[in-house]
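Each chain, letter by letter, is given below.
Protein chains: 2
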Amino acid sequence: MLIVQKFGGSSVADAQRVMNVAQIVTDKYREGNDMVVVVSAQGDTTDDLIVKAQEINPNASKREMDMLLTAGEQISISLLAMAIEKLGFPVVSLLGWQAGFRTNSAYTSARIKKVESERIRAELDKKKIVVVAGFQGINKYDDMTTLGRGGSDTSAVAIAAAMHADLCQIYTDVEGVYTADPRKVESAKKLEEITYDEMLELATLGAQVLNNRSVEMAKKYNVELEVLSSLARRPGTIVKEVTKMEKTLIKGVACDKHVARVKVIGVPDTPGIAFKIFSLIAKAHINVDIILQSIGRDGTKDISFTVPEADGQAAVDALKSYVEKIGAKDLGFDADVAKVSIVGAGMETHDGVASEMFEALYEADINIRMISTSEIKISVLINKDDCDRAVSAIHHKFFDNE
Amino acid sequence: MLIVQKFGGSSVADAQRVMNVAQIVTDKYREGNDMVVVVSAQGDTTDDLIVKAQEINPNASKREMDMLLTAGEQISISLLAMAIEKLGFPVVSLLGWQAGFRTNSAYTSARIKKVESERIRAELDKKKIVVVAGFQGINKYDDMTTLGRGGSDTSAVAIAAAMHADLCQIYTDVEGVYTADPRKVESAKKLEEITYDEMLELATLGAQVLNNRSVEMAKKYNVELEVLSSLARRPGTIVKEVTKMEKTLIKGVACDKHVARVKVIGVPDTPGIAFKIFSLIAKAHINVDIILQSIGRDGTKDISFTVPEADGQAAVDALKSYVEKIGAKDLGFDADVAKVSIVGAGMETHDGVASEMFEALYEADINIRMISTSEIKISVLINKDDCDRAVSAIHHKFFDNE
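Quick note, the sequences are listed as chains X and P, same order. Numbers given in my numbering equal positions in the first sequence, counted from 1, plus 67. Numbers given in my numbering equal positions in the second sequence, counted from 1, plus 67.
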């Protein structure tokens with residue numbers, strides 16, 4: 068089997084953890100597998116380098132930022148290779164460009180164009196364990212680029228896709244994907260399997276397990292992922308196209324507290340105004356999630372919608388002059404909200420999932436402010452303070468009664 | 068003019084010093100010069116990385132050590148580029164391989180095979196200041212290599228040679244080359260000029276200003292060097308083929324305390340024994356400097372010679388079984404010695420330099436244990452404790468009477 072493994076920064080944070088990772092990798096190698104290992108920069112290295120840059124020039128060019136940051140994985144891949152050497156196995160470390168990562172030129176958030184995997188293949192043919200720097204590549208000018216935060220997941224999936232790996236294991240600091248955040252919901256269960264689409268919804272909703280781009284890429288190239296912990300030696304959660312867990316209606320409950328609600332009060336009831344508002348928001352590169360339009364007083368309308376919390380003020384700024392022009396009564400945003408969602412491909416073919424969720428919230432005396440649904444997801448906007456209670460109540464309703 | 072500047076690790080140790088270097092570089096750029104700037108890793112970065120490696124694997128492969136260490140200059144070049152950006156000048160940082168440094172595959176002590184300077188030239192043509200990572204290159208396998216300690220000097224001279232630069236400025240933490248160590252001899256004077264050969268002798272003798280390989284390369288390609296300080300904004304010392312300082316007999320007095328004397332006592336007076344002894348030493352890769360052979364008692368000979376202090380025991384080990392076989396009386400080494408030397412191309416055509424030096428030592432009541440001379444150098448071996456006094460006495464004799 069060809070296995071691609073990815074270890075994040077906390078998995079290689081110090082010498083002891085690097086040795087632990089070397090043990091995991093060589094155990095699989097000893098079973099006769101070809102091993103490609105993608106590594107992020109150690110622990111806080113990236114943040115430390117950013118601080119160094121800020122001290123000198125807070126407005127440094129993105130090209131030079133990428134030159135700086137790619138040094139982080141260079142350190143971690145060589146240290147992991149040394150640890151594998153210590154255990155007596157053949158190994159070679161490769162930088163992004165040596166491993167064939169060609170990207171576009173969007174410094175600090177580059178996209179992978181292709182992985183020219185000849186070098187990796189040649190090293191595997193020599194029976195070497197190949198350690199690859201995640202997060203980085205090279206553009207057409209032969210300059211270093213980075214894929215943005217969480218990019219190492221994407222690096223791993225891209226190699227797995229390019230080389231038709233049998234499995235891509237993403238090691239993190241959690242043991243897999245859970246039905247709810249296990250730090251907050253005691254009865255949360257680890258899922259054996261989950262589909263790409265369910266994983267995408269959960270990642271977007273704040274489950275923070277896998278980088279979204281990596282899941283999208285895994286889905287596109289049908290790369291089987293496993294999410295697992297580098298500290299616990301147990302099976303994790305498999306992410307694949309179709310799962311066998313037909314009976315489970317929903318896979319998880321997630322909460323996103325980094326949400327703001329923008330309100331435009333007293334908009335004249337004229338055609339084209341909603342269109343204009345959302346095109347101004349789009350022009351400001353702000354993602355809108357849930358939208359609600361309601362009838363206000365005096366024949367006017369109220370429009371409200373959610374955006375990422377950090378974009379709340381920017382959304383208001385983007386609308387200000389237009390809202391004044393059309394004579395709306397009020398414009399503002401409110402970050403005191405959270406979005407709670409349930410995700411599961413099973414709900415498509417089952418009625419009553421939404422009403423069960425609303426019932427759980429009603430029983431917990433939690434007020435629903437907005438609702439949004441997709442084929443595999445139901446989200447509600449509630450007060451931020453109610454978030455943890457809401458997750459517990461919904462999780463109890465769907466999982467503890469089974 | 069095309070100027071190559073090189074800044075060592077202490078010159079870029081922190082944010083403030085990086086800004087200082089950016090100022091020096093851009094001042095020259097503003098005068099209309101094309102600027103290529105070679106930088107070492109910041110301060111203790113290289114040592115810190117070595118500690119990280121030691122924690123994991125004290126016997127790491129040299130290939131992986133080079134992968135690790137080359138991250139150091141990657142950090143410093145990007146930070147310097149950011150500092151230059153902050154001052155508002157166009158700049159680009161380049162890694163060793165991007166700057167065209169092709170080396171052989173002797174990891175940790177690679178030799179530069181050539182500098183393919185097309186990229187540097189293209190960036191200069193765009194009017195950019197080019198910041199290049201010193202100390203590093205790439206071999207025929209596309210793997211990272213390093214040139215060994217002090218290799219950044221060599222990187223700078225290699226670029227200056229490949230691009231026919233008008234001047235190569237080596238910035239260090241001293242203001243130039245002095246007639247003696249200015250921390251020890253108060254009246255030591257900074258030299259305006261010195262020849263390559265004199266510089267080579269002084270570097271070998273412990274003046275620790277320039278890396279020897281870089282001076283050899285500068286001589287071979289006739290690159291004019293200037294040694295100067297990044298903190299004091301004053302002219303330094305020019306190193307070139309012929310200097311105009313005809314009148315100065317000697318250029319400097321240097322002391323090397325890292326010397327050991329190996330003694331083989333009571334060697335039978337038979338042909339071929341000295342040859343055998345020194346071929347055994349050569350086989351152990353130990354450099355021999357001064358050699359003395361004297362008549363001992365009973366028709367035997369005593370052979371003594373100096374080696375680097377760290378090789379003293381190895382030299383004894385290399386000779387042990389042979390010395391027993393020929394029945395010599397004693398074998399041992401003694402690190403309680405130092406070598407004091409005067410260097411100057413002028414002494415070739417002037418008599419009496421040696422006797423003046425010996426007179427200075429006699430007046431200071433310092434015993435001479437061995438003597439060695441070359442065309443531009445006279446070295447004497449003395450007791451280590453007498454070293455500083457000897458340098459002062461000789462310096463006084465040659466320089467304070469002028």
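Simulated from the structure, these hints should not be mistaken for laboratory data. Built from N, CA and C at the ideal position, the CB exists for glycine as well. Treat the hints with care, since some could be wrong.
On the chain X side, residues computed to face chain P include the following (Cβ under 8 angstroms) [said to hold, decoys possible]: (1) A138; (2) K153; (3) S346; (4) L347; (5) I348; (6) E415; (7) H417.
Practice task
If any of the earlier hints don't hold here, list their numbers in rising order.
Solution key: 3, 4, 5, 6, 7
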